[in-house]
Structures are given as structure tokens and as C-alpha cells.
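Top line first, the protein sequences correspond to chains Y and S.
Residue numbering for the first sequence follows numbering that gives the first Met the number 0, beginning at 0 and increasing consecutively.
Residue numbering for the second sequence follows numbering that gives the first Met the number 0, beginning at 0 and increasing consecutively.
No lab work stands behind these hints: they were computed from the structure.
Keep in mind it's a predicted model, so treat the numbers as computed, not measured.
Treat the hints loosely; a few may be bogus.
[Stated by the list, open to error] Lysine to any residue pairs mimicking SDA-like chemistry, simulated, CA-CA at most 25 Å apart:
hint, chain 1, residue 1, chain 2, residue 2
1, Y, LYS330, S, ALA226
2, S, LYS119, Y, LYS330
3, Y, LYS187, S, ALA154
[As the list claims (entries may be wrong)] In silico negatives: residues of chain S with every beta carbon more than 10 Å from chain Y:
hint, residue
4, PHE164
5, LEU219
6, GLY224
7, LEU321
8, ASP335
9, ARG341
10, LEU367
11, ARG368
12, GLU402
13, ARG411
14, ARG419
15, SER448
16, ALA516
17, TRP522
Ideal Cβ positions, reconstructed from N, Cα and C, are used throughout, including at glycine.
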Amino acid sequence: MTKLLQQLPSAPEKWLRAAARQVQGLLLVAVSLGFVAGIVLIVQAGILAWVVHEVLFEGRRLADLLVPIIALPGLMLLRAGLVWGGEQLGFQAAAQVKSRIRMQLYDHLQALGPDRLRARSSGDLAHYVADGAEGLEAYYSRYLPQAAAAALIPLAVLAFVFPLDLVSGLILLFTAPFIPLFMILIGKRAERINQRQWRRLASLSARFLDSLQGLTTLKLFNATRREAEIIARITDNYRETTVSVLRVAFLSALVLEFLSTVSVAVVAVIIGFKLLSGTMLFQTGFFILLLAPEFYLPLRSLGTHYHSRLSAMAAAEGLLALLAEQPGPEKQGGRLRPEWSSVRLELEAVSFRHGDGPMVLHQVSRSIPAGSFAVLAGPSGAGKTTLLRILLGTVAPSGGRVLVNNADLAEVDQDAWLRHVSWMPQNPFILPGTIWENILLNLSGEPSADDWKKLDAMATLTGLDEDLAALPDGWWSLVEEGGGGLSGGQRQRLTLNRALCKPAPVLLLDEPTAHLDEGGKATVLAALRTMAGERTLVVASHDEQVRNLADVVLELGTLEGSS
Amino acid sequence: MNGPGAGNAREFRMLLSMARAKWPWLLLGMACSVVTVLANMALLTVAAWFLASMALAGASGTLFNYFLPAATIRSLAIVRTIGRYAERLLTHDATLRLLADLRVRFFERLAPLVPAGLGKMHSADLFSRLRADIDLLDNFYLRLLLPAGAAICVAACGFVFLLAFDLGLALGVAGLWLSAGALLPWICLRLGDEPGAGQVRAASRMRCLVVDGLRGMEELMVYGGQARHRALVQEENDRLIGHQRRSARLESFAQGAVGLASGLAMWLVLVIGMPLIADGAWSPASLPMLAVLALVSFEAIQPLPGAWRMWGQIRVAAARILDITEARPPVREPVDPAIMGRESDLEIRNLAFTYPGRTETVLRNVHLRLPQGRRAGIVGAAGSGKTTLQQILLRFWEYDQGEIFLGGRELRTCAGEDVRARMAVVSQHVFLFNASIADNLRLGNPRASDAQLLEAARTARLEEFIVSLPEGLQSQVGQFGARLSGGQARRLSVARALLKDAPILILDEPTEGLDAATESAFWQALEPVMRGRTVLLITHRPAGLEYMDVVHRLDQGELLPAGAPLHHL
């Protein structure tokens, strides 16, 4: 009967099965333990039927039946141990698969790179990594072992029942296939609803995280009540689809329940008449009655866990779609792994546009000598940030190329190139943690004496030392997600320090003097001036004072036409 | 059942009172569950008795009325099937409704806490509370509470039935029921508390790490932090799985133990019943009947131990929700808020402010009079308290000393929403939602037409850009407005504030990130908008100050008299 289930495995199911192959050993042992537990149960029922028969029809007493009476608790204990072991191994298998898939997803997202994910919601993606992988657990720990049990245990039961009573055996045999059949018929429909449900949950997650992050803004516009209404509407919508999924799932359970209970009832009545006519021993009849529910139990449990399969498949579909996404050209990178101590940059007719959007950069050509101070100027929206990202190598140009010490950047391995570059974006990422952790993002463990020396030197240079003095715990002060608890200027200096502390020959800075007052700006400009000469600086800025420091000025054209 | 310990009383009460609206449905569902289990017990019990009676009648050649038991068996099969379906639908529907209500209430209670009342909470942690923690609570009703109630009812019926046969047997079987249905769940509850709590916390921490790893991907790549961050995610994943393993171990132990208990109950029937049958105290058919009853009576008890191991998870999830729903908002709303007029003169008298838990005073002795329609600039170095002042005016923080009057009414006597309705803000850090340009603009005025949106965009110098996009107003801005440049995002936030049409305009570094040409064009465009409005410009730069009537200087938290010379900035 599991043959029926194995027909037409869809892509997600194939993927789930392939992952199961890696934990085949564990699953096999889990199933074997479950099967042996099923056999023990059959033996236990046989002993019970025999003991009752002996008492009722042979007039035996307790003292005559001591052996089976003592054997029964022993079997029960054995069975408890087998169940315990089987469940354990099932979990173990599921945990391994889950853990591996989760990290595979995480690595895949990292491999896709920031440009591919820029427009995606991190709530949605975090949902895939954290909860999507979790959704697969029941498939391995429950559904697969149960599917095997559903194939094996009923067969074992039939093997006992058929020699004893043909009619009961036939009833069991012919009702059994209806169960998976109905399950599949109903399951097809449930599958579609379930997939829709999963996609809803992912977009719900995206919406929730976005609303929570923008709560202050919502409050500013007195829009929290409106947002609460929207949340109420989408949760209600979600609830309705959940109920419709459940209704189908419960319907399949109803059919299973009905078939199995009615079959047991029919078997009981038929056996009853055989007993009345004396064509069957009570021992046999009672044994069959005890076995009949056990025959259906694995099938019914399979029905219950069929839902886990559906959820896992819905999750797997989403995960597969994510895993199928290919990284952009900027991530594919080249094979060159150079080590440069100074870097000359050359732009050759670099163009850029988002999809079919307007041209942001149009044939920009310029040479930036090693150790020079280059400023990207131009009105807001002229593509300054995009050009910085092209130099950083996280965005691939739509046309033209970037030469680094005469090597085409597209030919250089991304990681190898990134080791040469420091980057300070306009909206820096600040992770919850200490100030020093935020500056030395690559450090696990505490900074060494050399690290501290470097940290202190750079802090003095940029004026961060004064911020540190004002903070309660200096370097060890904790900052919140996104830099809450720091002023705009403090945040700016923190990220500038991050860029300067990395000994990279290229510094790419996006509006380094924004959010700073005149005093702070003067300090930062002086710091940048000391950097020029030893490092190649490319700074996007519309600040006149920054521009005055420049050796090279790239005036980016206005395409969006700020008047 | 096992009442949770005193330390959990708060969460337990919350979970019970939350269900107030749906008790009838939940109880009805529980009743259906009792009927279902009893029907199954009766079905197999009657069947066993029926078989034995038929066999005995066959052996002795006596007559036996088989119509009634045969019909009973068939009707019990139908009752069970329908009962199960009704029970599941009723309880699931009621529970899902409860959770949907809770989610909305959570969000509504959260709003007053922002931004001052949340401390250092990660947005992904909040998100875990709003989504996963609330989702987890359905287990309390569906797997803990209702099944426990149903099990008690079923056990009571079974006990009364057994009592008719033998007191010792009834007590013995009840003892096994208690062991499997109360003692075992209690053990699971105690041992499962820590791994359960750990699971909720680890899952939340992992979501935070994944969100950070995605959002900070570019920086982590550049600074070589990806490997370390991945290790953190892996570590949290391992911790989560470790907790789950402990919890699963408990569950499989409970599964095995309940099976053992049901077997022992059956065994007890044999051991006690066999002598009674020999004595003739029991009719022979009672033995198979009671043996089967003892076995199947565990159907209601079987899921309990495994379910009660989840209490740790549920307790922590409930506590994490309570942390938000019961937190005291940092700004107390007046019970009977003053009715505010259109007047928009602003007066600050002797204002002083210190962040809670900090010692250094951020603002002291601040006086400001800003008559309706006048414009004031406040300049000051970074960290001089400019943004704090703005947030106090918006009622995000409670102030310690002094008074602020808006249209003659003290802010503390007004509803926060009324105050904010009178102020449009362009603040230093722009947040854009991952939605279309139009959606982001309509935050200012949900009823604005597309034409109005474009008009506001024109004033903010953004219209040409919007029109140049293939999808115009419907273009998606990406996460945090990633598809817009810094300057475009800033101008979008200006247009959004203009759409709000409030009598007071607060500009907090409105042109930060704009180039000089756009900046001066922006001020020219804003000039007609400022006319007739009360304007407060907070800045560290001279730009725009020429449009102000008066300029104050904020220095070390003190607002110095108007007209301080600009070149001292």
C-alpha cells in the first residue's frame, strides 16, 4: 500500500527523500525497533487471549498460569524499551537532516550575496532558515518511520490472522487499501492548500518584521492603529486558510477513523456469530479482536502524520526555490587571487542600470592612481553609491569594466579582492554587541594587545576616543541593533573606525562626513588626509570640504535631473 | 492535573484568562473528545464482552440476544467518528481565533512602548514573540489543558464502572492512570522545563543571528566576519537541537512508559480477576471485557506526558508575550485627555531631562517660546540633545521637570496621538517600509490620491525620479528603501511628512545627505509649505537657518538665548 504513496514523487518529495538517504542507517534501525515492538504487541495479545480462554473455557486458575502471567510484564517492559529506542533514533535522524539543511540554506544565502538579497525581506528569509528547516523535522522523525510501520505491521498482523480466520483476514485486507487511497485523494487537495498556506506564512513573516522595525515611524504618523488593523486582517486571513487546511486534514482523519472503526465493529460481529455457532475457538476470536485495532493503528497514525509530510513538502518547495536561485555575476568571480599592497583603479566605460530601470551610470571612465584621494561628486541619485559598490565588487556593472592594477575585477576572486578593501556605507550595519566587536567584525574572542593598540590609535585619530569617554563602559559599552543608543555622529565615527582599522589598501567611503558637526568633520577630514598617500581613497560625498582634499574628482552626471 | 508551580502562576493565569471569550467552544470540544474516547472504550469493551458471551452461549447451547450488542457496536463506531471530527474542528477553530486576537493585542500594546520602553530588544526577537511564541500557545489548549480535562472525565467514568466489579481493581487501575496521567506528566513537566525554555530562547536568538547575518552581509563579507557569524548561527542551531534532543528523549520515554502502564493495567485485571472468576464472584465474560477496557482506557492518557513536557516552552513563550503586553509604557497617557484645538503655538518652560538609568543630564533649563506660525532653528553640536528634545516633543519620552505647552495645553494632559497628529516630522534617520513608493507616501495620509502624492513628491524634488521609473508610484523601494539612494530616501520622507498636513513642522536635519544644489532647491520648495505653519528646525548646519525667524543654540543640554552668532557653530 505504500506503493501507492510512492507514486509520482514531486520535486520537493524527491529532495526530502534524497536528504533521508544520508540518515538511512538511523531510520532503518528506528523502523526495525518499531517493527519488533509491533511483533511484541502481537505476541502479548496472543498470550492474553490464550490466558483468558484457559480461564473461561478450561477452568484454569492463576496458579496454573504463572508462566504467562509472569512473562506478560516482561514483554511489556521490552516493548517500552523498543518504543523508546525507536523514537530516539527517529529524532536523531531528523535532527541531523534539519541541522544540515539549515546551515546549507544559510550558506546558500551568503553565497547569493548582498546584491541578490537587497530587495528581499530578511523576515521572510529568516523564516526559511529558522522555521523552514524546523518544518522538516516531523517528516523524518514521524512520517517516514510511520510509513514504514504502516507497511510492515499490518502485514505482520495479516500473517497471524489469515491462518486463523479467512473472513476476518479478508475484511482487513480489503479495507486497508482504502485508507491510503482516501489519504491520497484528500491529500492532493490538502497539498495545494498547504503550499499556499506556507507562502502566506512567509509573507506574513516579512510583513511582521517590517512593521516591527518601522514601529517608531508608524507611531510618528499615528499609524499604529491602522497597522494593527492590517495585522488583524492578515492574521485573520491566515487563520481562515489554516482552518481550511485543517478541515481537509480532519476530513481525511474522519474517513480513516470511520473505515477502521467500522471494520473493527464488523469483524467483532462476524467473529461473534462464528463463536456462537461454535466454528471458532474463543481464544482465536479474542486474539483477532485484539489485533484488529492494531492493524489499523499504524495506518491511522500515518494519516495523522500525513499532515507532517504535507507541511514538510510545502516548506521544502519554498526552500528548493530559494536554493535554486543563482548568485549574480559579481559572486561567480574569477580565479585570480592576487596579493596587492597598493592598488590603482581604472574605470573603463562603466555603466549601470537596475533591471530595465533608468540608466544610473553611463559610460564612466576614469583612472584612480594608487594612493590618491578620489571623490565621487554629483547630485543625489547620480549613482555615487552604486559606483562604490561596483568598485567593492558586490554589484556587477551592466556594461564596461573595472581594472585593478591592470587586472579585470571580474576575473578576480571576490573574497581575495575583498581582503584589499574597506567599506563604509551610508546606512552601516551595527550588530548588537560591544563597540570593539563592531569595529573588529572578524574577531572571535577578545582583542590582543596589538588589536587594542590599533583600536586606540584609530579612535584618537577620528575623535571616537571622546565618544568612548562619554559612554558608560568605553570600548565595552553595548550598542543596540542598528546602533540605537548612539548619536548619529557616534555611529558615523564607529563605522569609520571599522573601515580604518582594517589594513586594506583601498578605502571606499560613502558620505563619511554626514551626521557630523563642524568639529567632528574637521577631525575626520584630518584623519582621511593622513590616510591618503598610503592607501587609495574613493569617497562619495557632496561636501565641498571633502572635495577640496581630492586629487581626483569624478563628477557623476545628473540623469534623474535634480534641478 | 498538575498545577504549575507558583513561579508560573502569572503565565498560567494569562493563558486561562485569554481563553475567556472561547470557553464554551473549548469545553464543547472537550466534551466531544470525552464522548469520542468513551465511545471507543465502549466499542471494544462491548465487543470483548459480546465475543465471550457468544462463545459461552455457543459452548453451553443457551440462547443469547445478540441484536442489541451488535447494534450498539455499530452505532458506537459512528459516534466515535463524528465525535472526533467535531472535537478537532471546534477546538482548533476556537484556539486559532484566540491566537489571532492575542496577536493584535500584542501589537497594540507594543506600540506605546516604542521607542523608549523596549530597551535593547532586537527586532527579530520581537518578531519571534509576535509570530512563533504566539503560535506556540495553541499547544496549551490543544495538547495540555483540554486533553487533561478529557482524561479526568474519562478516568472518572472508568473508575465508576470498575467500582461495580471490584474496589481493589478500581483502585489499582486508577493508580496506574494517575501514574501515567499525572505523575509521568509531572516528571515530564519538571524535566522538560529547562530544555523547553531553552528551545524558545535559542530559536529566537537564532532568528536574530540570521537576520543580522543577512542585513549585515555586505559588511561581514568586507571585514571577514562571515565565518565567525556563521559559527554563531551554527552554535545556536546546535544549542537548539541539544534542547530538542533532551525534550525528545523525555517524550520517547513517556511514550514507552504509558504503553507499559496500559499493559500493567490489563495484567492487573487478569491477576485480580482470575481468582474472582474461580470463586464465581464475576461472570466469566467480565474478564476479557475488563482486560480490554483496561488497555483502551489509556487512549485519553497516552498523549498527556509528552504534551506536558512542552510546558517549559509554553511558559517561556507566554512570559515573553507578557513582557510586552504588561510592560509599563514610558509615557503615561492621561485618563481624560484635554481636547486640543488648531492652535499651534509651542512653549517650553524650564525643561530638564535625564535618560532613565543614566546620570548625566541631557537637557537642562530649556526655555523656548514659539508663537503660532513662527519658525525657530535650534543648532547644536552632535550629542547636544537636539534629537532628544524632538522626541520629548513627540511624547516618546516622559520629561522629569518643566512644562511644555502646545496651543496652551500642557503636553502631559494631552493624548500622545493628539500631540503627534499636530506635528509632521522629517527626522534624521529615514525608515522606509519594504513596499511601494505610494504605500510609503500614504503613511502621511492614507486617503491621498495619486495626484496628491505626486504633488508632495514635486515639492520634495522627487517627482521627476518617480516618473522616470517604469512602474512610477508603484515601484517597490526594497528593504529599508535599498533601491533608493540616500538622498532619494530623504526626499521621500519629506514628501511623506508634507502629506500629513500638520500645523507644526519639525525638521531634524532634513537635508542631511543632499548635495548643495538639491538642498537649496529643497528649501525654496519648502518655503510655501512652511508659510502659516509653526516650524522647528533642528540642525548642526547653517543651511536653512536663513528661513527661520529666530535661531537658538543648544549647548551641553542648555538652550542659549536666541540669535547667537552663527559663525560660532
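Verification of the hints:
Our distance criterion of 25 Å between C-alpha atoms is met by Y:LYS330 and S:ALA226, whose separation comes to about 17 Å. For the suggested pair S:LYS119 and Y:LYS330, the alpha carbons sit about 35 Å apart, so the restraint of at most 25 Å is broken. Distance check on the hinted pair: Y:LYS187 and S:ALA154 sit about 39 Å apart at the alpha-carbon level, beyond 25 Å; violated. Every CB of chain Y lies more than 10 Å from the CB of S:PHE164, the least distance being 15 Å, so the non-interface label holds.
The claim that S:LEU219 lies off the interface is violated: its Cβ sits roughly 6 Å from the closest Cβ of chain Y, which falls inside the 10 Å cut-off. Here S:GLY224 does not stay apart from chain Y, with its beta-carbon only about 3 Å from theirs, under the 10 Å limit. Remark: the non-interface label on S:LEU321 is consistent with the geometry, its nearest Cβ contact in chain Y lying 18 Å away (cut-off 10 Å). Against the 10 Å criterion, S:ASP335 stays outside the reach of chain Y, whose nearest CB is about 20 Å from its own CB.
Every CB of chain Y is more than 10 Å from the CB of S:ARG341 (nearest about 17 Å), matching its label as outside the interface. The Cβ of S:LEU367 lies farther than 10 Å from every Cβ of chain Y, with a closest approach of about 21 Å, so its non-interface assignment holds. Distance check for S:ARG368 against chain Y: the nearest CB is about 25 Å away, which clears 10 Å, and the non-interface claim stands. With a cut of 10 Å on Cβ distances, S:GLU402 stays outside the contact zone with chain Y, its closest approach being about 23 Å.
At roughly 18 Å from the closest C-beta of chain Y, the C-beta of S:ARG411 stays outside 10 Å, upholding its exclusion from the interface. Some Cβ of chain Y comes within 10 Å of the Cβ of S:ARG419; the nearest lies about 5 Å off, and the non-interface call is violated. Under the 10 Å C-beta cut-off, the non-interface status given to S:SER448 relative to chain Y holds; the minimum distance is some 18 Å. Its beta-carbon lying about 6 Å from the closest one in chain Y, S:ALA516 breaks the requirement of being farther than 10 Å from that chain.
Listed as outside the interface, S:TRP522 is consistent with that label: its C-beta sits roughly 13 Å from the nearest C-beta of chain Y, beyond the 10 Å cut-off.
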